[in-house]
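**Student:** Residue numbers (my numbering), protein chains in the order written: chain A, 1 to 321; chain B, 322 to 640.
Just so you know, these hints were derived from the structure itself, not from any lab.
Hints are all accurate, no fakes.
Calculated lysine to aspartate or glutamate pairs in the EDC-like style (CA-CA distance at most 20 Å, straight line):
#: 1; chain 1: A; residue 1: Lys46; chain 2: B; residue 2: Asp451
#: 2; chain 1: A; residue 1: Lys230; chain 2: A; residue 2: Glu210
#: 3; chain 1: A; residue 1: Lys280; chain 2: A; residue 2: Asp268
#: 4; chain 1: B; residue 1: Lys480; chain 2: A; residue 2: Asp281
#: 5; chain 1: A; residue 1: Lys46; chain 2: A; residue 2: Asp309
#: 6; chain 1: A; residue 1: Lys44; chain 2: A; residue 2: Asp309
#: 7; chain 1: A; residue 1: Lys71; chain 2: A; residue 2: Asp268
#: 8; chain 1: A; residue 1: Lys138; chain 2: A; residue 2: Asp149
#: 9; chain 1: A; residue 1: Lys44; chain 2: B; residue 2: Asp451
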Amino acid sequence: MAEISDTARGASGAARARTGTLAGGLKARKSRSLWSDAWRQFRKHKMALTGVAILSLIILSCIIGPFIYTKNPQTLNVLLSLQAPSASAPMGYDDLGHDMLARILSGGRKSLLVGLMAVVVSITVGTLVGALAGFFGKWVDSLLMRITDLFLALPQLPLLLLISYLYVGKLKAIFGVENGILILIVAVIGFLNWMPVARLVRASFLSLKEKEFVEAARCIGATTPSLIFKHILPNVLSPVIVAATLGVGAAIISESSLSFLGLGFPPDVPTWGSMLAVGKDQLPFAPHIAIFPGLMIFLVVLSINYIGDGLRDALDPRSRI
Amino acid sequence: MGTYIIRRLLTAVPTLVVISMIIFSILKLAPGDPMSQFAANPSVPPEVRLNIRKQLGLDDPIPVQYVKWATSWVRGDWGFSFSSRTGVRGLVAGRIGTTLFVMGLAFCLGLLIALPIGILAAVKQYSVFDQVATTIAFFGFSIPTFFSGLLAILLFSIKLGWLPFIYESNTANDGLLGFFERLRFAALPVMILGIFQAAALMRYTRASMLENIKLDYVRTARAKGIKERKVILGHVVRNAFIPVVTIIALQLPGLFGGAIITEQIFRVPGIGSLLISALGASDTPVVMSIVFIISILVVLSSLLADIIYGLLDPRIKYS
Chain A
1 MAEISDTARG ASGAARARTG TLAGGLKARK SRSLWSDAWR QFRKHKMALT
51 GVAILSLIIL SCIIGPFIYT KNPQTLNVLL SLQAPSASAP MGYDDLGHDM
101 LARILSGGRK SLLVGLMAVV VSITVGTLVG ALAGFFGKWV DSLLMRITDL
151 FLALPQLPLL LLISYLYVGK LKAIFGVENG ILILIVAVIG FLNWMPVARL
201 VRASFLSLKE KEFVEAARCI GATTPSLIFK HILPNVLSPV IVAATLGVGA
251 AIISESSLSF LGLGFPPDVP TWGSMLAVGK DQLPFAPHIA IFPGLMIFLV
301 VLSINYIGDG LRDALDPRSR I
Chain B
322 MGTYIIRRLL TAVPTLVVIS MIIFSILKLA PGDPMSQFAA NPSVPPEVRL
372 NIRKQLGLDD PIPVQYVKWA TSWVRGDWGF SFSSRTGVRG LVAGRIGTTL
422 FVMGLAFCLG LLIALPIGIL AAVKQYSVFD QVATTIAFFG FSIPTFFSGL
472 LAILLFSIKL GWLPFIYESN TANDGLLGFF ERLRFAALPV MILGIFQAAA
522 LMRYTRASML ENIKLDYVRT ARAKGIKERK VILGHVVRNA FIPVVTIIAL
572 QLPGLFGGAI ITEQIFRVPG IGSLLISALG ASDTPVVMSI VFIISILVVL
622 SSLLADIIYG LLDPRIKYS
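Okay, chain A solo, but in the shape it has when bound (with noise of 0.2 Å):
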């Protein structure tokens, strides 16, 4: 309740911030946008806010970390395997001698890579998907939705398992290991999870485009695809966002998943769930090599759900959970 008489104030301040100052000598209120409102809302969830704050720590340390903690993630020293964290390697050394550290922070990039990649993917395709078949209607739409509704009926993660398995092979020969590996998942990934995004953009779109500003801009001669990125898009941005944030904890998880299951990321190539699944072995020796990447993909999953949550309080307020 308090939130739309909020609101509903700060819309009269707007107006009076354009008449300048008024009879009375009130002073006249900074006029406030949709984008500041949002984040008025946002700032009350606090287990957004800090999910905000770790999340940066984390992705800040892993961008800039390895220029200030200098150890290669490569240089292996069988001398060292397994040993316990300790002064001189904060995280200790996983079963070949690597440092664990310098190994969490270039896996990081990479696992958040793939994470931010696969979400771009999957938001790219279904928001066409969902423009193209809420704004065109008729044939368009069903053909599209029938293929939507048959990408949802596709079992996800034993898919995801058969493609990286099968294509991994041609993708590394034609991109080098790393790159291979990453351009697969990332696209398996990417277009395994367009489907709930399509569907709610075309929800959006269909009620939309009847809409009086739809209307008056295509009175004033917009084209269709300006009506559609232009004018009718920007309004279905809000779930958009929501969905996307909480695509990049999904895709991390997914990514994890199939590099645990040994068939993502091999082991030399550091990522979280590959660093994982070197530590599920030594379990009963060394359980510091599974806990300190399990714990990475736990901080930032749960910082991305919460500010996932927030962002949905504040954006979209009629679909809270």
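Start from chain A and add chain B according to the hints.
**Tutor:** The following block gives chain B in isolation, referenced to the frame of chain A:
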């Protein structure tokens, strides 16, 4: 309703046909040759290899191969496993019982945790109980099963020594004692899978309860003097559970994905670990059959969700 179920079943069949075509093409179009294992063996002369290829029909066009595979699969002939040289159907049949046992227990555990806690958290919204429950649930579905599984092994098997972490499906004892022994082996995977499932379900249950609890019919029921307990369990829960039951049915496919991972962590000899080892051995017939079986289960559970929804919600009419 009856005709609706039949119609819905009839649309599930073409979906499954298209899905099987997709999986089949993915397997067939993949670079690499299922015959590479034979090719690696230098004692097999090239002309024999060509003959085997011909006999297996590997040089036929893909649509022809697909039709051959599909017709024999439907008849129950699922082909032979390359690596273990036994029938795929027997191989899968020997494994699927373990998977269903673990998954079924995990599923029941998930429901037993999620539903009461979800209801209670909604009834006492913003109480300490609600806040603790929602926070734990949030943590619960943010922690991937492969990490929570390892933590559980570390705590319960290595540090405390309470539970075994390697699954043994052949128990020494029969009957009830054997069943309890199996339960002990299944305890850790069931716990991990069940809690993970419960976390998401509890949030849905709570949200759906909250949506209903503030509606007018609840106030009416209270105004009539019905006891609070009966208002919640008899009136609110009955309506709030309609979407929850659908979510439960839709969670089943995800449970299969989770089963693949937990089977790998705890070395449960189910179809998930069979799939992983078959992938590693390029055992195409086994892979194809397992992925297709999981697809059937995915389609069936979404079908189940639709049907239950129709049965529970009298407002939905199928004409």
